[in-house]
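Trainee: Residue-level listing of the chains:
Number of protein chains: 4
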Amino acid sequence: MRTTQTLDLNDARTIIDLGIAEAERTGNPMNIAVVDAGGCLLAFARMDDSWRGSVDIAIGKAWAARAFDVETKALAKLAQPGADFYGIHASNDGKVMIFAGGVPIKEGETVIGAVGVSGGTGKEDESVAEAAAQAFARG
Amino acid sequence: MRTTQTLDLNDARTIIDLGIAEAERTGNPMNIAVVDAGGCLLAFARMDDSWRGSVDIAIGKAWAARAFDVETKALAKLAQPGADFYGIHASNDGKVMIFAGGVPIKEGETVIGAVGVSGGTGKEDESVAEAAAQAFARG
Amino acid sequence: MRTTQTLDLNDARTIIDLGIAEAERTGNPMNIAVVDAGGCLLAFARMDDSWRGSVDIAIGKAWAARAFDVETKALAKLAQPGADFYGIHASNDGKVMIFAGGVPIKEGETVIGAVGVSGGTGKEDESVAEAAAQAFARG
Amino acid sequence: MRTTQTLDLNDARTIIDLGIAEAERTGNPMNIAVVDAGGCLLAFARMDDSWRGSVDIAIGKAWAARAFDVETKALAKLAQPGADFYGIHASNDGKVMIFAGGVPIKEGETVIGAVGVSGGTGKEDESVAEAAAQAFARG
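Residue numbers (numbering that gives the first Met the number 0), protein chains in the order written: chain A, 0 to 138; chain B, 0 to 138; chain C, 0 to 138; chain D, 0 to 138.
One chain only, chain A, in its complex shape:
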């Protein structure tokens, strides 16, 4: 038996609020999802006027960031034709989103959950996810 740590609902809602604040600052409405250490959805918000098709993508980015303990931005490079993980997006019933916007949340070196953001360019999604993760880490 092992003892592990995970985000809880309070953490998840805090991370989403931090993401919404960043998205409002830049003017790009976003879908934001947070999963726990087991990859299970804890909380989600779709900002008004953001893309409907991004619900699934935001959740998939959060899931992938925890499933492989990596930023999906890094996964994107590994999943290009010719790279190590080309084809990974077909695994796990299509849940592995391989573009920027998914960021693991850590406590020290341990991944305790992840945030996924979708609604703009890869750079925009990534910057909102990063801002939320970093503001959460600062406490």
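One or more of the hints may lead you astray.
Pairs count within a copy or across copies, as identical chains cannot be separated in the list.
[Said to hold, decoys possible] Under the rule of at most 16 Å between Cα atoms (straight-line distance), these lysine to aspartate or glutamate pairs were calculated in the EDC-like manner:
(1) Lys94 / Asp68
(2) Lys105 / Asp68
(3) Lys94 / Asp55
(4) Lys105 / Asp48
These are computed hints drawn from the structure, not numbers from a lab.
With chain A held as given, fit chains B, C and D onto it using these hints.
Mentor: Frame of chain A; chains B, C and D shown alone:
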């Protein structure tokens, strides 16, 4: 062309907070989802210690309540063997949850979204969804 | 943030060995799966001459027993026509197995994983899963 | 009528143990799956701290290595844009993993099953799968 009305993210988060308050009052942790008038997920929260298998169910109940503009409790009766809609749970890629806990949100006679709750018995789920919907309607 | 406990791979292999021993004793070859506290597969074994169609079912029973913190035997009753959870087998992309053979593994009152068994009648599956869970609990 | 040969559960568990030993030697925790000559899962183990997203991938690599009687490393080249099998990862419900880490197990020239490994780089996955297959062949 038509003008329609829908819940927005603020409404969805308010409904979820009302649902959480009711679930805390009764001591049964719940998964709570809110969809807009288009049936698209607006917000979601999984309370600590609630069932992991209820993420999909809460979202499915909210979706079904809007998809058919009916409480899923009523849908349950219609979906029994021998009844009119027997088999409906196999439609729409399995998104039609046919047990109690999905409640449409209305403005006057118009459905503007729905809430779905999962985490306990049908009666418990239904009472949290109803309480949230009614408290929201009172404003 | 929360601290939780989960089965590890060693535990999972022990539980499978206990299940195999029980299945050999009764002469019914089985598929046996163990998931961790997050519902994620830890270990699996398909005994020689057991059903190929039971791979997915054993994994689904283990998943369901953790997803709803309940023996799937109890879930079976709740999922009958007219009962509270009728239709639940259509949720979660068909992963919710609603017949006997899935048993949560607990540490005190906390569910830390689950075992799922498939290969015979509901009674046979259940008795192997129960035997493995109880032998594991005795340590 | 034909007589065929296949790995059995004992073989599969031996191969997994050999893979775990190699993974422990190199310090990269892995997911390891073994399928029989029919492509059906025989045994699986997810080592502690290995990726959750690799459960499906390890199983998919083992399946693909038997489905096409080829190392998935070789399949990767054939599945690149412009190559003969481009698009193959979309077939078979997404089960065809097209990156390194799946290795057929042979008796003489006959494929009798396969092992799939996932948890690190392509090179790491491949080397664990190869080590396990070769140690098993040596007996």
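Trainee: If the cutoff is 16 Å on CA atoms, where do Lys94 and Asp55 land: within, between, both or neither? Let me know, please.
Mentor: For Lys94 and Asp55, the Cα distance is within 16 Å both inside one copy (8 Å) and across copies (11 Å).
Trainee: Taking 16 Å as the upper bound on the Cα-Cα distance, should Lys94 and Asp68 be classified as within, between, both, or neither?
Mentor: within (15 Å within a copy, 22 Å between copies)
Trainee: If the cut is 16 Å between Cα atoms, do Lys105 and Asp68 qualify within a copy, between copies, both or neither?
Mentor: Answer is within; shortest intra-copy Cα gap is 10 Å, inter-copy 27 Å.
Trainee: Checking an output row: Lys105 and Asp48, CA cutoff 16 Å. Within, between, both or neither?
Mentor: Intra 31 Å, inter 14 Å, cutoff 16 Å: inter-copy only.
Checked against the numbered hints given earlier, the structure satisfies every one of them.
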